[in-house]
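Visitor: Make a model of the complete structure from these sequences and hints.
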Amino acid sequence: MKRLKKIIIICGHYGSGKTNFAVNLAVDLRKQGYPVTLTDMDIVNPYFRSSDHSEMLDSKGIKVIAPVYANTNLDAPAIPAEMYSAFDRSGYSLFDMGGDDAGATVMGQFFRNITGKEYDMLYVINGKRAMIENVHDAAEMLYSIESASRLKATYIVNNTHLKDYTDAKTILESMEYAEKVSEAVNLPILCTTYPVSMIKEQEISATGGIITQHLYPVEVFVKTPWEVN
Amino acid sequence: MAVVFQKPQALLDVPFTYCPGCTHGIIHRLVAETIDELGIEGHTVGVAPVGCSVMNYNFFACDMVQAPHGRAPAVATGLKRAIPENIVFTYQGDGDLAAIGTAETVHAAVRGENITVVFVNNAIYGMTGGQMAPTSLPNQVTQTTPYGRDTSYSGHPIRVCEMLATLEGTALAQRVSVDNVKNVQNAKKAIKKAFTYQIEKRGFSIVEVLSTCPTNWGLDAQESLQWLRDNMIPYYPLGVYKDVGGTTK
Amino acid sequence: MAKAIIDETKCKGCGLCVAACPRKILVLSPDKINSKGYRPAQVVDQSKCTGCASCAIMCPDVAITVER
Amino acid sequence: MAKVLMKGNEALAEAAIMAGCRHFFGYPITPQTELAAYMAKKMPKIGGVYLQAESEIAAINMVLGASAAGKRAMTSSSSPGISLKSEGISYIAGSDLPAVIVNVQRGGPGLGGIQPSQADYWQATRATGHGDFHLMVYAPSTVQEMTDLVALAFDNADKYRMPVMILSDGMLGQMMEPVELKTANATDCPIEKPWAACGHRNSRPHNVINSLYLTPQALEELVKKRYEKYEVIKKEEQMADEYLTDDADIILVAYGASSRICRTAVNTARKEGIKAGLIRPITLWPYPAKYIEKHIAHAKAFLCVEMSMGQMVDDVRLCVNGRKPVAFYGRTGGIIPAPDEVLNEIRKLTGGVK
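Chains as they are written, first to last, in the numbering used here: chain A, 1 to 229; chain B, 1 to 249; chain C, 1 to 68; chain D, 1 to 354.
None of these hints come from the bench; they were simulated from the model. Where a beta carbon is used, it is the ideal one built from N, C-alpha and C, also for glycine. Don't take each hint at face value.
[To be verified] Pairs of lysine-lysine residues, derived as DSS-like cross-links and limited to a Cα-Cα distance of at most 27 Å, are as follows:
| no. | chain 1 | residue 1 | chain 2 | residue 2 |
| --- | --- | --- | --- | --- |
| 1 | D | K3 | D | K42 |
| 2 | D | K271 | A | K180 |
| 3 | B | K182 | C | K36 |
| 4 | A | K169 | D | K3 |
[Stated by the list, open to error] Simulated coverage check for chain D against chain B, where a stretch passes if three residues somewhere in it have a Cβ under 8 Å from a Cβ of chain B:
| no. | region |
| --- | --- |
| 5 | 45-55 |
| 6 | 68-82 |
| 7 | 85-99 |
[To be verified] Over the 12 Å line for every Cβ pair with chain D, so calculated as not near, a few chain A residues:
| no. | residue |
| --- | --- |
| 8 | E82 |
| 9 | M131 |
| 10 | Y155 |
| 11 | T170 |
| 12 | S197 |
| 13 | E203 |
| 14 | E219 |
Guide: Below is the structure:
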């Protein structure tokens with residue numbers, strides 16, 4: 001996969017799989033030996049957020065910064081002081097933004113902290129996700145995220161999946177969707193993910209289709225409480 | 001000889017349940033005459049409040065919906081948004097509109113909800129037997145202000161038209177009275193204007209009608225009208241507080 | 001020649017019409033009680049009626065019809 | 001239609017639209033807000049009405065108004081907001097109006113918290129407002145079921161002229177699952193509503209929508225008539241899902257998110273050789289008593305699992321009526337019981353009945 005800038009912002013539609021991708025990327029970068037900070041910027045969503053995985057991330061030596069009341073019973077979007085310094089940390093600093101333009105709006109206030117710095121903003125898409133499953137909507141969504149966050153995306157991450165129904169065909173077929181979105185918004189595709197616990201890379205090639213994108217295996221961290229290993 | 005005055009068609013031939021001399025009956029008639037003159041009965045839906053006039057759904061010939069206490073403007077909002085070509089009015093008393101239903105009233109006006117509100121202010125809770133209303137006057141004796149309304153303790157009366165006139169969504173806010181023939185005729189004009197504004201889609205219109213409660217005021221019908229003139233009109237001056245289509249006080 | 005016709009069955013004897021009549025030709029019946037138990041209003045001198053409808057305008061029970 | 005991923009709240013909203021709902025009156029509260037946001041986005045595009053009310057009280061009364069006008073109307077909220085809506089729900093029931101109300105439950109009482117809960121079972125099935133009345137209550141447990149039940153809720157609300165509640169919870173509302181939206185071609189007034197206050201158009205006597213009855217006799221008669229209708233509903237509309245119950249010694253009873261946990265626990269128990277099964281009520285009112293009745297003879301014990309201190313367990317006990325032991329396990333405050341915790345309870349019970 002292409003080498004990314006030190007500041008990595010992950011954005012996308014609600015439920016496109018931003019959080020799961022962010023956690024995977026953080027774990028990978030840490031494995032490569034870099035210091036990694038993962039900031040949970042989602043103050044919109046009450047559940048299923050990257051800070052849910054603090055313990056695991058912590059154990060791997062990844063620093064997690066979360067909103068003050070994340071995972072509590074209080075519904076107040078308070079930004080901790082630490083978040084302001086997250087842009088100046090050594091190593092990789094990942095920001096898991098909230099979904100949609102609503103979640104991206106939170107990023108707007110950090111505009112000054114980012115100005116002048118190099119960053120990558122990854123737009124996570126899922127071709128099976130209602131409301132962005134057509135290319136036009138996926139493009140519109142990116143534009144509203146960009147305008148709310150005052151930042152420009154640099155790559156597309158094709159994170160198409162259908163939870164338990166995901167198979168090799170789902171992944172292969174999603175590449176065409178990703179190409180179209182890529183064309184529509186004029187951004188390169190960083191990778192196409194696949195859930196490594198469910199599908200092997202060979203199975204995707206075995207479908208007979210042409211793999212045009214970098215395949216990136218992801219573990220499924222974001223789970224419901226009844227999904228046990 | 002021609003009939004120059006008779007019961008309007010929009011009133012059913014059902015005797016009112018109000019006390020003798022209670023001016024609800026006059027106000028009902030003005031609403032019904034308006035509906036007749038505008039020819040809108042077939043597509044008018046009224047919303048009845050909780051209070052003495054709760055049963056007005058039996059009196060008006062148009063379709064009627066009875067609302068929870070204070071919620072008439074919200075119910076009317078639902079009716080109007082469901083069928084915008086219908087004419088929707090609420091008929092509410094002071095407790096209903098200006099105490100429990102303050103939020104619903106204010107926000108219907110805030111939205112410029114295209115409905116007409118007929119607000120009957122008689123400065124007392126009639127239905128429950130004469131308790132303090134939000135519009136009860138300073139020092140007014142009621143069942144729950146037995147020593148007179150002490151404004152330092154129970155607060156001051158609320159002037160609804162003045163308050164709603166400050167809102168952008170209000171098209172018409174006018175206070176009238178039904179204490180004499182001339183005022184009744186003015187009240188009629190105001191009510192008709194309020195309905196007309198709805199037809200013209202101008203937004204929220206409210207006509208506050210100063211009214212009596214002989215039973216709970218402890219006065220006969222004529223004394224009640226005099227009390228209204230002497231006490232209510234000075235506190236609640238008649239007039240147009242907002243009119244998007246004309247002169248405003 | 002005008003006429004105020006009072007529906008005695010609807011009248012509650014509140015007297016607002018009596019007070020409103022500029023010709024003072026209405027009274028509450030001194031000797032009659034209607035089915036509701038009220039003394040209904042009545043016109044004492046129909047010939048003086050101008051058909052101004054003041055009585056009807058003030059009647060809270062819509063009990064008066066006026067012809068002219 | 002192909003499967004797509006949807007959040008439970010979005011699925012509820014889209015399903016309502018597909019069921020012909022064009023009038024939605026909302027007010028924000030976590031964890032149901034996506035439902036309102038979805039409606040706000042979608043309704044203007046399809047000529048429908050999304051209106052953010054000034055309060056939950058106003059929202060439910062707007063539903064009352066739109067429903068009185070003959071339209072399919074809906075509102076949604078989460079626990080504290082449902083308390084505010086209870087006045088309007090009672091009036092809707094008392095006026096024989098159809099309406100669909102969604103409760104995406106969170107922890108309570110009071111402000112409680114935003115994490116998922118099932119502590120409004122009593123409120124939904126016993127007293128969603130003052131007076132003698134019932135709501136039909138549907139409890140989905142998957143995102144797919146959320147969509148299917150919304151259409152059924154609208155149909156039954158119209159059929160029986162009564163309010164129907166979708167009792168969901170924060171977990172189901174927030175999570176994503178693949179869902180297949182069934183194409184529907186419903187209009188916003190799929191059935192004749194001759195009772196509606198939509199303006200008589202000078203072609204019929206005036207309609208009155210009202211819950212006030214002057215004499216106690218008249219009111220009693222009407223309430224009794226409603227209760228006759230409720231008996232029909234109890235007979236016709238009970239719904240539950242059964243999982244491995246036929247030979248089960250231990251029958252778990254759970255609805256919504258906790259039933260998902262129980263299913264996992266049942267699977268693990270089976271692997272351990274424990275004959276566990278699950279009855280998952282889909283209607284909470286009418287309570288699916290007949291599904292429990294079927295298994296009283298062979299079951300050795302029942303275990304009711306809830307995200308509350310024990311509310312539905314009352315209904316299980318009423319059904320079982322002392323014939324078999326009924327145990328309860330619950331977590332509350334916004335905590336979802338873990339499959340292992342439930343498994344432990346199953347083990348305890350089998351130990352006890354050996």
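Visitor: Work down the list of hints and note, for each, if the structure agrees.
Guide: Taking the hints in turn, this is what the structure says about them:
no. : hint               : verdict
1   : D/K3 with D/K42    : holds, 20 Å
2   : D/K271 with A/K180 : violated, 47 Å
3   : B/K182 with C/K36  : violated, 30 Å
4   : A/K169 with D/K3   : holds, 14 Å
5   : 45-55              : holds (count 5)
6   : 68-82              : holds (count 5)
7   : 85-99              : holds (count 4)
8   : E82                : holds, 23 Å
9   : M131               : violated, 7 Å
10  : Y155               : holds, 22 Å
11  : T170               : violated, 10 Å
12  : S197               : holds, 17 Å
13  : E203               : holds, 19 Å
14  : E219               : holds, 17 Å
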